[in-house]
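Visitor: Single-letter residue listing:
4 protein chains.
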Amino acid sequence: MVTSSIRVLVWGENVHEQENPIVREIYPKGMHTTIAEGIAEEADFDVKTATLQDPEHGLTEEALEQTDVLVWWGHAAHGKVAAKVVDRVLARAWEGMGFIALHSSHYSRPFMRLMGTSCSITWREAGEKERLWVCNPGHPIARGLDRYFEIENTEMYGEPFAIPTPDEIVFISWFEGGEVFRSGCTWKRGNGKIFYFRPGHEVYPIYYHPTVRLVLRNAVRWAKPDPEKWIDSCPQIPADKAPEPITIKGPRIHKEGEAGFR
Amino acid sequence: MVTSSIRVLVWGENVHEQENPIVREIYPKGMHTTIAEGIAEEADFDVKTATLQDPEHGLTEEALEQTDVLVWWGHAAHGKVAAKVVDRVLARAWEGMGFIALHSSHYSRPFMRLMGTSCSITWREAGEKERLWVCNPGHPIARGLDRYFEIENTEMYGEPFAIPTPDEIVFISWFEGGEVFRSGCTWKRGNGKIFYFRPGHEVYPIYYHPTVRLVLRNAVRWAKPDPEKWIDSCPQIPADKAPEPITIKGPRIHKEGEAGFR
Amino acid sequence: MVTSSIRVLVWGENVHEQENPIVREIYPKGMHTTIAEGIAEEADFDVKTATLQDPEHGLTEEALEQTDVLVWWGHAAHGKVAAKVVDRVLARAWEGMGFIALHSSHYSRPFMRLMGTSCSITWREAGEKERLWVCNPGHPIARGLDRYFEIENTEMYGEPFAIPTPDEIVFISWFEGGEVFRSGCTWKRGNGKIFYFRPGHEVYPIYYHPTVRLVLRNAVRWAKPDPEKWIDSCPQIPADKAPEPITIKGPRIHKEGEAGFR
Amino acid sequence: MVTSSIRVLVWGENVHEQENPIVREIYPKGMHTTIAEGIAEEADFDVKTATLQDPEHGLTEEALEQTDVLVWWGHAAHGKVAAKVVDRVLARAWEGMGFIALHSSHYSRPFMRLMGTSCSITWREAGEKERLWVCNPGHPIARGLDRYFEIENTEMYGEPFAIPTPDEIVFISWFEGGEVFRSGCTWKRGNGKIFYFRPGHEVYPIYYHPTVRLVLRNAVRWAKPDPEKWIDSCPQIPADKAPEPITIKGPRIHKEGEAGFR
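Residue numbers (the numbering used here), protein chains in the order written: chain A, 13 to 274; chain B, 13 to 274; chain C, 13 to 274; chain D, 13 to 274.
Please keep in mind that the hints were generated in silico from the structure rather than gathered at the bench. One thing to keep in mind: the hints can contain errors.
When chains are identical, the list treats them as one kind, so a pair holds in a single copy or across two.
[Stated by the list, open to error] 20 Å max Cα-Cα, derived EDC-like pairs, lysine to aspartate or glutamate:
1) Lys-236 / Glu-180
2) Lys-236 / Glu-54
3) Lys-253 / Glu-162
4) Lys-200 / Asp-252
5) Lys-253 / Glu-77
6) Lys-236 / Glu-73
7) Lys-236 / Glu-37
8) Lys-253 / Glu-37
9) Lys-92 / Glu-162
10) Lys-253 / Asp-158
11) Lys-200 / Asp-238
12) Lys-41 / Glu-73
Predicted, not measured: the structure shown is a model, and the values here were computed from it.
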């Protein structure tokens, strides 16, 4: 049924794919397309894509209004995402849109703005093995998984990961080279559910990995908005609309129209 | 002893004081000065002030480097605070500087950036009574307080307050007109401790209130940095510096200097 | 459809109803029955009741196994709930069963055990007015509510409420007598979602209040288990089942069967 | 200066040391003594020990009243700790006493009661290597540490660790055999600060490890009580002591002395 489907927008920076033949070979239609195909494996997702190169990066008011969950992959061009588009993404997330930040998007503008921290990590590109442990086996994002899953060949991200304490940690990674990382973390910002998921470097075929794709689908399902979307823009509640009567006191009362009135 | 004092910088927007005679009458030296005097009542605080009108708003690299806790009051001119200064305040907070946002500073750029939410409230100016309840009586910010304290005559702020779940709530307000508000909340962002404290409209003499001043001193003491200041800028850990040996696998290894390398 | 209904068990202490004619007049079939009727107003809930007086308090292994969400009302007889039943309730909550503690159940054994704190409050019985503010308007528990709702005539509960920081606060109450209270709070313990909801003294007809009943239905829907129920009992992972090879080192290896082996 | 010293009580179960010659060889004076010696390396700690075999396990009202931070090691005899002593430890923690649970004390009664979860882990005894990463480099518990430290030879604990989301995570462990674990976690319960620290099996000489000892000292310093100790026992605030006047309404008012009155 159309009305109950979850509307997903996969946003890809789409820069490495244009510039790096290795990436183009792995992801000939762009990483965003492969990510979108992985999500679309379940029938109740209605999945679209958008890229940096689209007008307004494909993130117009209309596009966001019709998005339940926005999935974001960026790396080389974080600084090219227009500030007003970032503001728009945040406003829609506060309203309830889910936001899933993938891999190097820890440094994307929307994610950093949602976190309020530096989002720094340590890293190494040595094609090493990663094992992602499920720390929260009852969490809907871990649905269908065993105790862990592995990625044979990947970039390493290491702690300290400079994020606010997550509401919940779903995955922690073990790396062959000796590091660990909080690879699946959730937060809430306004009405919007936020998920960071580490796997996904551009020169490894990680978005073809069946468990990575399962986690993405689980995460989209978890992040879809609750029905309520009420969000305020700082409303005044005048004294005659106050729930209780107020005894106005003294001379220090601000008058509408005075200098400095909000 | 000089070395153990806590270095406080009180930042005031200093706009209402210039434009509104009522505010000038209440705070003839500016609200920032009164706030600073309230903090300086305890001998181990070394308190300075800065305003929007100062070069770089008085928030140069040097000034911030020498600040342990930054106290912020803004309202009419949030949009005039330069973006690069906001970035600088955040970077220093992540390093460990405490940040205390007062009253209408819920909508200040640094606070909104630290929260990642809309920070919306409801409000009313009717000179009504506020009663602040201590929800967390063992918290250092509530040190020396009884079960509650009152402000006879103030602006109302009401829920919903659009913030991420606080780490701890120290105060919840009851208002004569019938609303409630989470008036004292803490978070951590990077190494920096953040405190939001509601009292303080410009047309009421609230920063002369002895309990408000006590809370400010308690909050500054709570928010002072821990000794460690280590913060990362996304360091690479090369394969030959990895803690464990790595078996480099396959052809999908990214080479330094390739297009798209970070 | 039977298979998709949410199985709710409303547990009532059922003591005041037997001993206090005022309570019996208000709740002639017992408070648990009225609470259950309020939840059963939506067709997809399958609601049962149990009381302290039932064998094993009606909380046998079988009963709990068939319960998705347990709603708890207790007051005068907290100490009469058998320890092994409390252990059973906790084990089932960790597995995923939702647990909703009502009003004076802040001091019930299962709730105190789930919190790990004293759960103390302040209180007053003076038939005063309570106004519950929605702090989290997008939360599913607040679905269908306006900014606030009121209870004309109730017992007061005041801060400090000695609970761990809630994951989310849905309601904060304003009381006519001047207090405030975190009246709707959520936590997670294991896989189980926990909700505390303040309204509901025995000598006021609060469980007939349509908004209170709506909140209960919303809360049950929110607290229903996610599909995954995996829970561990401290499994050993032998060395030959470890994901990576281990170089056994030195003499300090514990042997199965030695004294002190777990 | 005596008055400013931190009073530490190290509690050891002291069972393995009596029964297992390997443990006795490593810890001839008992594990509790070695732990206490490690903490006492800094002059401002006043460190005592107590064991299961002492009257009331050495945890009398007087002993706890004079304890700022209680450090707990248990394993084989969790079930032998008297329920009333557990209640006493919790009450004192709520009042402000710090509580540090070591290693197998994840399953100790006081820790499980403070958490409200099953506290289950996975485990393996194979003398493997553990590397503890600092996730929160500005945290006082990590003071003086580098990015990580290692223990050559230890028992493994693996995720999922069934705890409530920690307030902060200080350490995550990497294990040679391929697992990860949240090895240093903080919570607050009432006024008391709680720290869980994983290292420390009885058949490895881990409490002689200089970094483990440094972490213990840092943790004790972090967990010491704030000055305020106010804790409630559910006080009634009578109507004539309410902050605001109350208009008593209707007949449904409970009378002191009626059946069912609290």
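Visitor: All hints are to be evaluated individually against the structure, with a verdict given for each.
Guide: Verification of the supplied hints:
| no. | hint | verdict |
| --- | --- | --- |
| 1 | Lys-236 / Glu-180 | both (17 Å within a copy, 18 Å between copies) |
| 2 | Lys-236 / Glu-54 | within (15 Å within a copy, 23 Å between copies) |
| 3 | Lys-253 / Glu-162 | between (59 Å within a copy, 16 Å between copies) |
| 4 | Lys-200 / Asp-252 | neither (35 Å within a copy, 39 Å between copies) |
| 5 | Lys-253 / Glu-77 | neither (32 Å within a copy, 47 Å between copies) |
| 6 | Lys-236 / Glu-73 | within (18 Å within a copy, 35 Å between copies) |
| 7 | Lys-236 / Glu-37 | neither (33 Å within a copy, 45 Å between copies) |
| 8 | Lys-253 / Glu-37 | neither (64 Å within a copy, 30 Å between copies) |
| 9 | Lys-92 / Glu-162 | neither (33 Å within a copy, 42 Å between copies) |
| 10 | Lys-253 / Asp-158 | between (55 Å within a copy, 15 Å between copies) |
| 11 | Lys-200 / Asp-238 | both (12 Å within a copy, 19 Å between copies) |
| 12 | Lys-41 / Glu-73 | neither (26 Å within a copy, 45 Å between copies) |
The structure fails hints 4, 5, 7, 8, 9 and 12 (numbered hints given earlier, in ascending order).
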